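**Q** Please arrange chain V on chain C, whose structure you already have, making use of the hints.
Sequence order for the protein chains is C and V.
Anchor point for the first sequence: position 103 equals 102 in numbering that gives the first Met the number 0, and the numbering is continuous, going up by one each time.
Anchor point for the second sequence: position 118 equals 117 in numbering that gives the first Met the number 0, and the numbering is continuous, going up by one each time.
Treat the hints as calculated values from the structure; they're not laboratory data.
These numbers were taken from a predicted model, which means no experiment stands behind them.
Be aware that one or more of the hints could be misleading.
To be verified - Dumping the calculated BS3-like pairs for lysine-lysine here, alpha-carbon to alpha-carbon at most 25 Å:
1) V:Lys-220 x V:Lys-135
2) V:Lys-167 x C:Lys-3
3) C:Lys-31 x C:Lys-46
4) C:Lys-3 x V:Lys-220
5) V:Lys-209 x V:Lys-220
6) C:Lys-3 x C:Lys-28
Said to hold, decoys possible - Computed footprint of chain V on chain C, listed as stretches where at least three residues anywhere in the stretch have a Cβ under 8 Å from a Cβ of chain V:
7) 53-60
8) 65-78
Every residue, glycine too, gets a C-beta built ideally from N, C-alpha and C.
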Amino acid sequence: MILKSEHLEEVSGYDMVSPGLPVLRRIRKYLKPTSAALQWIGTAATKNVLELDEPTLIRLLQGEVLRLTRPCEEGYVFLRVDGAAAGCGLVIEDRLTGQFPRWFREMFGIRRGKPEQVELPE
Amino acid sequence: MMSEPHPFDSYRDFIPDFNDFMEAFRDPPRTVVRANTLRSSPEELRSRCSRSGILLEPLKVHPHLFSAPGHWAAGSSLEFLMGLCHIQALTSHVPVWMLEPGPGMKVLDLCAAPGGKTSQMAQEMDNSGLIVANEKKAGRMPALGNTLTRLGVMNTITVGYGGEDFPKRTLFDRVLVDAPCSGEGKQGYKAYHRPSRLRKASRSLTELQKRLISRGYEVLKPGGRLVYSTCTFNPEENEAVVAQLLDRTDASMETVSPPLSHSRGITEYQGRSYERNVEKCARIYPHQVHSVGFFVACVVRPETSS
Numbered sequence: 000m001i002l003k004s005e006h007l008e009e010v011s012g013y014d015m016v017s018p019g020l021p022v023l024r025r026i027r028k029y030l031k032p033t034s035a036a037l038q039w040i041g042t043a044a045t046k047n048v049l050e051l052d053e054p055t056l057i058r059l060l061q062g063e064v065l066r067l068t069r070p071c072e073e074g075y076v077f078l079r080v081d082g083a084a085a086g087c088g089l090v091i092e093d094r095l096t097g098q099f100p101r102w103f104r105e106m107f108g109i110r111r112g113k114p115e116q117v118e119l120p121e
Numbered sequence: 000m001m002s003e004p005h006p007f008d009s010y011r012d013f014i015p016d017f018n019d020f021m022e023a024f025r026d027p028p029r030t031v032v033r034a035n036t037l038r039s040s041p042e043e044l045r046s047r048c049s050r051s052g053i054l055l056e057p058l059k060v061h062p063h064l065f066s067a068p069g070h071w072a073a074g075s076s077l078e079f080l081m082g083l084c085h086i087q088a089l090t091s092h093v094p095v096w097m098l099e100p101g102p103g104m105k106v107l108d109l110c111a112a113p114g115g116k117t118s119q120m121a122q123e124m125d126n127s128g129l130i131v132a133n134e135k136k137a138g139r140m141p142a143l144g145n146t147l148t149r150l151g152v153m154n155t156i157t158v159g160y161g162g163e164d165f166p167k168r169t170l171f172d173r174v175l176v177d178a179p180c181s182g183e184g185k186q187g188y189k190a191y192h193r194p195s196r197l198r199k200a201s202r203s204l205t206e207l208q209k210r211l212i213s214r215g216y217e218v219l220k221p222g223g224r225l226v227y228s229t230c231t232f233n234p235e236e237n238e239a240v241v242a243q244l245l246d247r248t249d250a251s252m253e254t255v256s257p258p259l260s261h262s263r264g265i266t267e268y269q270g271r272s273y274e275r276n277v278e279k280c281a282r283i284y285p286h287q288v289h290s291v292g293f294f295v296a297c298v299v300r301p302e303t304s305s
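Looking at chain V on its own, in the form it has when it is part of the complex:
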């Protein structure tokens, strides 16, 4: 009997070391915690955990990040409840690193729940300036609110617009479009033994992603920076979305070079070609970093843009 093709088989042509990639989903990604510098310091978090017998291993990639032992129920620890740390995949930090939000800026997080990246930005901004955290789904709003209050974020307002219809009355220095996606980079782990569980990207999803990045760009100041990210591998949700923005606007691509092993964006998939500049995007694969798969693109709006 012929076995069903795996949903990831169509990525074989562009994912390096494809067999290693598939095997990487066998074990869960490592637990990474970020010290919440709005409340404490990395040293204090490490020392407090150490007193409870939890050894946090600093990650060279960023001074706020630690690798935590797999047996530690970090999400129900006192350190977590007291807002001293946040649990977030290593690769999930990359979009904000590339966005470079700084103190005093005005920043839009177009698809904000559950708030990990919003709170990471608040840390980078030292709780200054202003973040508008937008979340369309009312059911996800409590998770966003809980994250922001637990971590002591005080430079953020939350709003509930459809991201694709976000009001155009104000322009932002930075816009993060961490779009809803098929989540293959995360779901691959859960579906290792049952690939049929993997969600397929629908046309309506890719259309939504295109409308989100488009609206995000419309509310970006000239000279501002926009990061588009997903946790999926499908080029239709990634390069195709960015390519359409490049095609229809004066957006200019920036090369995304995170301090983690990564691959470049692809320019062809299943007979479709994308604009050459999408090579500047970064694709981060689980077998390269022992974390969730991610795609990150960064565009800037020219100073002369109207």
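Bound-form chain C, shown alone:
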């Protein structure tokens, strides 16, 4: 996604590697919103939002699966920390996983083995 500009037409002949911010990625037959896109609009989101504290977000970044202790609609969700948009999560049944770019996760050290399940703080 790129913001509208009067100059776009002039560069339309370039061999583009990437035009603006990636919004969706195709995962098999599904479309997944990117963390970058959800970070962009996440502060304004009013639905499908999960507010986390920092330690919980870090656990998601490390690859842990969190068990939700309150009901949440299944699908992709906005993750927020102190009101700031942190990225994309995926809820299936009562489980939440982070959907961050690999290089995000590598910074926080991906945990090996079966992910520990923890309860999401109220």
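**A** Relative to chain C, chain V alone:
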């Protein structure tokens, strides 16, 4: 036994307080973070870090910049991942300050990876207008893409041309040529104890720099502004490159006066003389600013240029 001369010894004649300059490489440059105003505000970044026990000290030189404590692993902080800030050397901000990109402009960043300056321009332009971020090396493209997406840059397309062969079909209001260089301003820190690690400027590198600035000028609009920068001290990669552009085109030098301690460009080096106007360039040395060394030149294309 005679010790090998240090690669920087040939700069002794023009770098002020040369011994202080050499000693400045003993300690790493300070960590500077820039608040990403596309996502947040400097106040919010400072307050969020403060709650995590990280005290950011505002830098007078620019309202978006903070000095960060050396122990803070800023690059793996949540603030960094959430795109609220970017880590960039203080002096590395100067080229964009001198370029003065504004909202609505069409800007070319000829050697864009890893994207720190591209994203700084997007902030200055308030995510409006258009930036073409060019990077020749495919291996550096992911770093560029990661920076731009993490910081929420939405006025930029990325392309992968050789900078010296960049298509001439469109002219730009602003062109940044932050050229590949021997990196002495940065490498001096890593090579403090082993100067032999310092990379020498090859003839092919200086030739590439000349072709880059030349192509950058060819795609600059009449009345437009071009900034050429490197993070090295070698005049062959700096003043000599700018002097050749002045010699071969109608480019006009602008005086570069960043709000940091700096020295003027030099007009002689190892028996070679450069055009007098290259004095208008700025040389920024580590011992003057406690940051990476930089060279910055600014030229404008006359309104009457054909």
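**Q** Now tell me, hint by hint, if it's right for this structure.
**A** Evaluated hints:
| no. | hint | in the structure |
| --- | --- | --- |
| 1 | V:Lys-220 x V:Lys-135 | 23 Å, holds |
| 2 | V:Lys-167 x C:Lys-3 | 23 Å, holds |
| 3 | C:Lys-31 x C:Lys-46 | 17 Å, holds |
| 4 | C:Lys-3 x V:Lys-220 | 22 Å, holds |
| 5 | V:Lys-209 x V:Lys-220 | 19 Å, holds |
| 6 | C:Lys-3 x C:Lys-28 | 29 Å, violated |
| 7 | 53-60 | holds (count 4) |
| 8 | 65-78 | violated (count 0) |
This entry does not satisfy hints 6, 8, going by the numbered hints stated previously.
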